[in-house]
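Visitor: Chain residues, written in single-letter form:
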Amino acid sequence: MGIDGAPAVREKKIIMLAQERRERLLAEMRREGLEAIVVYGTSWQEAYLRYVSDFGILEADGIAILTADGRCRLFVENAAEAERAQVEAGGVDTRLVRNLAQAVGRELEAVSNQRILAAPRTLLPAWLTASERSFRLEDGTGLLDRLLMEKAPNEIAVMRRAVALADEGYEFFRSAARPGRKQYEVVADVEAFLRRKGSPDNFMIIGSGNADVRGMAPPSERTLKPGDLVTTELTPAIEGYLAQICRTLVLGKATPVQKQAFAIWHEAMEAGIAAVKPGVTAADVARAENDVFRRHGLGEYTTSKYTRVRGHGLGLSTDIKPSLLEDVDIVLRPGMTIIVHPNTYHPEAGYMVLGDVVVVTENGCERLTRTPAQLFEMSA
Amino acid sequence: MRRGLISWSKAELPESALDARVARVQAAMGEAGIDLLAVYTNPARESGVAWFTGFIPYWNQCVMLLPRAGRPTLVAGMTARVRDWIMRNAHVEAVANTTRIGAETGRLIAEKTSGAVVAIADIDNVPGSIVDGIRASAAAVVDGSSLLERARAPADPAELAFAFKAATIGHAALASATADETDAARLVAAIDGEARRLGAEEVFIALAPDLTVNRRLIRLEGTAPLAGAFAARISLAYKGTWVRMVRTFGRDAMLVRDIASAVANFAAAIASLPRIDPLESFATFLIEGCRTTTPLEPLAGTMLDDRRAIAAGTVVTVQATIETNGRAILVGAPVLVGRNGEASSALVAPRFDDAG
Chain G
1 MGIDGAPAVR EKKIIMLAQE RRERLLAEMR REGLEAIVVY GTSWQEAYLR YVSDFGILEA
61 DGIAILTADG RCRLFVENAA EAERAQVEAG GVDTRLVRNL AQAVGRELEA VSNQRILAAP
121 RTLLPAWLTA SERSFRLEDG TGLLDRLLME KAPNEIAVMR RAVALADEGY EFFRSAARPG
181 RKQYEVVADV EAFLRRKGSP DNFMIIGSGN ADVRGMAPPS ERTLKPGDLV TTELTPAIEG
241 YLAQICRTLV LGKATPVQKQ AFAIWHEAME AGIAAVKPGV TAADVARAEN DVFRRHGLGE
301 YTTSKYTRVR GHGLGLSTDI KPSLLEDVDI VLRPGMTIIV HPNTYHPEAG YMVLGDVVVV
361 TENGCERLTR TPAQLFEMSA
Chain S
1001 MRRGLISWSK AELPESALDA RVARVQAAMG EAGIDLLAVY TNPARESGVA WFTGFIPYWN
1061 QCVMLLPRAG RPTLVAGMTA RVRDWIMRNA HVEAVANTTR IGAETGRLIA EKTSGAVVAI
1121 ADIDNVPGSI VDGIRASAAA VVDGSSLLER ARAPADPAEL AFAFKAATIG HAALASATAD
1181 ETDAARLVAA IDGEARRLGA EEVFIALAPD LTVNRRLIRL EGTAPLAGAF AARISLAYKG
1241 TWVRMVRTFG RDAMLVRDIA SAVANFAAAI ASLPRIDPLE SFATFLIEGC RTTTPLEPLA
1301 GTMLDDRRAI AAGTVVTVQA TIETNGRAIL VGAPVLVGRN GEASSALVAP RFDDAG
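Going down the list, the sequences are from chains G and S. By the count of my numbering, the first sequence reaches residue 380 at its end, each step adding exactly one. By the count of my numbering, the second sequence reaches residue 1356 at its end, each step adding exactly one.
In short, the hints are calculated from the structure, not lab data. Glycine included, C-beta positions come from ideal geometry on N, C-alpha and C. Any given hint could be a false lead.
Said to hold, decoys possible - Here are the computed lysine-lysine pairs in the PhoX-like style, where the Cα-Cα straight-line distance is at most 25 Å:
1) G:Lys305 - G:Lys259
2) G:Lys321 - G:Lys305
3) G:Lys182 - S:Lys1010
4) G:Lys259 - G:Lys225
5) S:Lys1165 - G:Lys182
6) G:Lys182 - G:Lys225
Said to hold, decoys possible - According to the in silico footprint, chain S covers these stretches of chain G (three or more CB under 8 Å from chain S):
7) 52-65
8) 127-136
9) 173-180
10) 195-207
11) 292-306
Assemble the whole structure, with the sequences as input and the hints as a guide.
Guide: Below, the structure is given as structure tokens:
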């Protein structure tokens, strides 16, 4: 262990976890009679590439090809990424290429008469999906999504650590978010805290103000003021697994309006979590949350005009399936890790957030988040 | 995904500067018979749309559609709730929010121009679902990469100012760390936090914790002890403009002198850019720059079989491994490539107080 509790770099079990994922995918490939899986990744859609290659891509794009014989080849077009991947992506043959799509295409020519799946199909470079190619890429997004959602026990163990770090991160956030500080300065402090803890990555958005604030965004120069509602979604990574926490902080004492509004958010989150169990759909969970808002006359604020989703899956990306929405019929299964967050706008209090991570168990779910589900107030 | 400062400052990037860029490209479109230019963006390919509009997506993907006259439209993958944020941070005519970007872009093309010739920048690597949507509504689709590349060089004053700011942040962040640090996580935290506090949009730190064992710069998971000779690279963006800087840290006096010597050799070599032969005497070198939509695209170097042109008046980032007295010194800095026979020079010299 290092300073501030950061674990020693690239522990052996990280490599083992990557190998476990790859073996799981290879078993699926054998079952489906597949010769190759092609996965694309970029910094905002990194999960598929990470699952297959164990490489956490940051710059430009990357594509990995996993063939039935267990060989994994990673193609990247950024030189810094190629250098990193040679060390960070264990058991993977990394190549720096000029034209990513054409380089991958040349490899696929060799297996063009066999079944090849690709994920996520809609983001694949145009050159690879053009009709004149000799190979045909079937849509493998569903297969990869299932593996990303339904985690193995070792993956859930890492998720637990990531959630614990999110709890610590929020505790630090509360100390950093002070009147007079700019949003981006607060986020900078949180990022430095997470780096000290050995977490290489985080996703974070923030909001501050009152009824004028309709949502969270990347940090701006806005200075925090007494009385502000400060919302954040903080998502640190451990070994590529991202866990999120959503909380709202008042810079001072909460007003009665803020407290009444937050009570609805709390009721909605608890209703959503109570609905999480194997066999129900993502829609059931979203509906449980939204029904609370509807009962309180706030149904309008559950629509896409005010909110994106009522929660979502977490894992090798900050936002994997299932999205918790009333029109998503994905069935929850044991091993899924989900954040339930009824984040939306309140017409008098402003944008408020609250979200806890749960893991779906055989009989229901287990809440992993430990931070109290409360409207935090900044003491004087 | 981005979580540093993202905001369009009209003082730093006036609307007139963006309008001038748009006009330059539109003139080239007219000459080439192109009706619309489509430029794709996501957090890893932000440099094209950011150059036209100032807009940087913190996540998700968008397509900018530029007609031959008038301001661009943005087709954004984010939901409508962030439309106001986008409009505050993008110099565009309109924003269309949709999860079906290709289809919506195609619909807008059909609405604007029938039988349109549409150019797509970096077409090979734009998602097929988007290119298909555009093809469905266009009379012809062509590669718009060279048109955009020509329009972007040389860098204009606003772009140079962003590069200088990014370089200044990078230098200050690396200067905030010292050779006495022994823990990698703490070193990364110091550099990363300082860069973000100074306004970086994004920061990636890579380390070689012990240069006597491995010279490769990697992102650490957890931490590691720092040896007597180690190196750190900061890659950072300031409002869509990316640079890298590399610093070698040494604890003993002899190594400090070697680092100073290597930095001087580096400065002499980069002065010759766009000629690269002086850099070829180093153990390794790499030159990166933005030609179209991708930041820090490799242009030339020992890892590459071929070379891209290095345009005069543009900013490139140069990294090198310089063997000095049998030890590897890693150096890197953004460089303004000289024009009309001027020498090229680092935007900020990669020198640090405790390293000579």
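Visitor: For this structure, which hints from the list above don't hold up?
Guide: Per hint list: single violation, 9.
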